[in-house]
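Novice: Next come the chains, spelled out residue by residue.
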Amino acid sequence: MEGQELPYVLIDCIGGVHGVYEDHVGFLQKHFHLITMKEYLENKTLLSKKIRAIYMWYQKPVVNKELLQSLPNLRIVASSGVGIDHLDLNLLSSFGVKVSNTPFIVSTDTADLGMALMLASSRRLVEGYEMAVSPDTEYFPADWLGAEVSGATLGIVGMGTIGYKVAERAKAFEMKILYHNRSQRKKEEESAVGAVYCKKIDDLLQQSDFVLLAVNLTPQTHKLIGKRELELMKPTATLINISRGLLVDQDALVEALQNKVIKAAALDVTYPEPLPRDHPLLKLKNVIITPHIGSATKKTRRIMMEEMTESIQAGIAGLPIPHEVLP
Amino acid sequence: MFVSKAFNLLKPIPLMSGQSNLAYKFIHQLVASHGRRCHRSVIYKQRYRTCPCSAGRQTISAQTKVMAKEELPGVLILDIGGTQGVLENLAALLKKHFHLITMKEFLENKEEMSKKIQSVFVFECRPTIDRELLESLPNLKVIGNSGVGVDHLDLKMISSFGVKVTNTPHAVADPTADIGMALMLASARRLVEGCQIAVSPDTKHFAVDWLGVEVTRATLGIIGMGSIGYKVAQRARAFNMRILYHNRNRRRKEEEEAVGAHYCEKMEDLLQQSDFVMLIVNLTPETHRLIGKKELSLMKPTATLINISRGAVIDQDALVEALQSKVIRAAALDVTYPEPLPRDHPLLKLNNVIITPHIGTATVQAIHMMAEEAIANILAVLNGQPIPSEVFPK
Chain Y
2 MEGQELPYVL
12 IDCIGGVHGV
22 YEDHVGFLQK
32 HFHLITMKEY
42 LENKTLLSKK
52 IRAIYMWYQK
62 PVVNKELLQS
72 LPNLRIVASS
82 GVGIDHLDLN
92 LLSSFGVKVS
102 NTPFIVSTDT
112 ADLGMALMLA
122 SSRRLVEGYE
132 MAVSPDTEYF
142 PADWLGAEVS
152 GATLGIVGMG
162 TIGYKVAERA
172 KAFEMKILYH
182 NRSQRKKEEE
192 SAVGAVYCKK
202 IDDLLQQSDF
212 VLLAVNLTPQ
222 THKLIGKREL
232 ELMKPTATLI
242 NISRGLLVDQ
252 DALVEALQNK
262 VIKAAALDVT
272 YPEPLPRDHP
282 LLKLKNVIIT
292 PHIGSATKKT
302 RRIMMEEMTE
312 SIQAGIAGLP
322 IPHEVLP
Chain D
4 MFVSKAFNLL
14 KPIPLMSGQS
24 NLAYKFIHQL
34 VASHGRRCHR
44 SVIYKQRYRT
54 CPCSAGRQTI
64 SAQTKVMAKE
74 ELPGVLILDI
84 GGTQGVLENL
94 AALLKKHFHL
104 ITMKEFLENK
114 EEMSKKIQSV
124 FVFECRPTID
134 RELLESLPNL
144 KVIGNSGVGV
154 DHLDLKMISS
164 FGVKVTNTPH
174 AVADPTADIG
184 MALMLASARR
194 LVEGCQIAVS
204 PDTKHFAVDW
214 LGVEVTRATL
224 GIIGMGSIGY
234 KVAQRARAFN
244 MRILYHNRNR
254 RRKEEEEAVG
264 AHYCEKMEDL
274 LQQSDFVMLI
284 VNLTPETHRL
294 IGKKELSLMK
304 PTATLINISR
314 GAVIDQDALV
324 EALQSKVIRA
334 AALDVTYPEP
344 LPRDHPLLKL
354 NNVIITPHIG
364 TATVQAIHMM
374 AEEAIANILA
384 VLNGQPIPSE
394 VFPK
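Going down the list, the protein sequences come from chains Y and D.
As numbered in the working numbering, the first sequence has no gaps in its residue numbers, which increase by one up to the final residue, 328.
As numbered in the working numbering, the second sequence has no gaps in its residue numbers, which increase by one up to the final residue, 397.
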């Protein structure tokens, strides 16, 4: 690359609550000339033709028609994480811009978090912690009990990479595993984790002690779990969501939890994120919410950044793009 | 591994007339039906109910005769219900086999009651077994402890009275292994902190640079590879963890290979290489303060200490110092000394510590199974049958 300028890549900002990580910048700057949104807006005329790629870190910068129109040489938008429901794929395609994500690297961390939420909810870990540290605690009552995870029935809705990794982990807890998926997995894959296919989601909902959502958000899966589905679940069951908030009809969920139609919920994702501070989900005792941390580990985020770098380089060079997302 | 060991206990057990063959059924069911464990107590109850008993006939059958309450062996408990007593549904279970006598009833009528008591059911370490109590129970044969830890019992003293002690190692293993995994995951992924952020009135955005550490493919060092430790290893393997273990004795090769565990003869080696160190030993004079300043400083500064054994296995003051000085990254404790900790204890204020209120076996299923296991042990002693889990003083 001697004598050649590094390709110009648009980012939102560096550091702070939403920005590209400071300790990732060194690596990125070896490969790209990073332009922040602020720098771009201050010098549109010069920079607009130079920008060849957008490094979209946690859905920022937001890509709309206006931005696409002003970046004539944009080749690729590399998006962090596996979800692409925040992108208008048809719009990007109409501008001839390619899209990539980081689908596989997030799988183990997200599966781990699914297990963490299931265990924490079932064993009342957060409540237990609060009791252990509360200034009012004088003794630990003998009749304070949770429910067992080992040997229980787990219903996995969406048996993609993440769902399958959850099944691998749950098997070690001797859980009975049911799954619902658009298509049935191969027999060897099912046997390896002892998973039983439920063609109808109703069957899974009726038999599961834990229902775990591991589907991507599409128009077809929007509000997949609503009042009807919640009522099909056991009153002793727990709903765990590690996918997207919009898979669940949140109002129906609130009602189901308030009326003990289901026992509890554990959510890494909501709609929106964060929820408004007066939202009923924040006040329910039988809910735990985590701030969308499915892939939030140092190692994984670093590898995500490296994969995005690779995709951008391929996109700019016109080569086959790793982890390309097609419309 | 365990299956072969326990099946040795399935020798035919000579039946004494009128006594149920409960101990035999219990061992068999435990070993054979782990996958059906949620149904185990139902199976046991069905067998019990189908015994061909008929009041008024002098038939000596292999099943239990229906006995009048007072004929049932007397068992002393602290209390029924309340915050520290035996749970109501467990008391109902006990009443099927025993004449339950509460401490209050005993103290109000010592003369009559003392002779009837053949056993004590110790639940949540109560009632306290001291010399005075032992001296006042001339027909006491066995102390049936609910739970596996017996560090609250003076085994030598109890033995000197000719009284046996039993615990419940089978019932505790799964739920305690689950809590070990729950604590490791919660600590690594900062789950409790995350929940606090998610619901805090001050939260406006979720920061994208808020990170935890990975569990998958990390190194787990298990100190104490008994039943519970082994079940933790089985679970951790599914997370592709690298598993090291330290134990008084090395496990058999097949057992090690089944979970991919590597033996560390020296605990120091395990401490130096592990990302997560989990303590799963019983508390004895040898394991008291097993983890102190030296051991903590051998651990990686990025490591997490998890304790699901007994608080006294750790030098708590040394732990506080290590956490404050970031000698280790974090700790997750289901057990402390004492429980609960004094409300001004530094461990309660550190933000790299999660503490749970000794809930290793706090599930509806486990509490029930522990009572069943204790009952089977007590009956075995009283009927002169092989005892499933007797504990001997050193």
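The hints are simulated quantities; they were obtained by calculation from the structure and are not laboratory data.
Be aware that a few hints might be false.
[Unchecked claim] Cut-off 16 Å, straight-line C-alpha distance, at most; resulting in silico cross-link-like pairs (EDC-like, lysine to aspartate or glutamate):
#	chain 1	residue 1	chain 2	residue 2
1	D	K207	Y	D137
2	D	K296	D	E268
3	D	K352	Y	E274
4	Y	K61	D	D212
5	Y	K264	Y	E128
6	D	K303	D	E259
7	D	K207	Y	E274
8	D	K352	Y	E191
9	Y	K66	Y	E43
This one's a predicted model, so the numbers in the text were calculated from it and none came from an experiment.
Novice: Which hints, by number, does the structure contradict?
Specialist: Structure breaks hints 1, 2, 3, 6, 8, 9.
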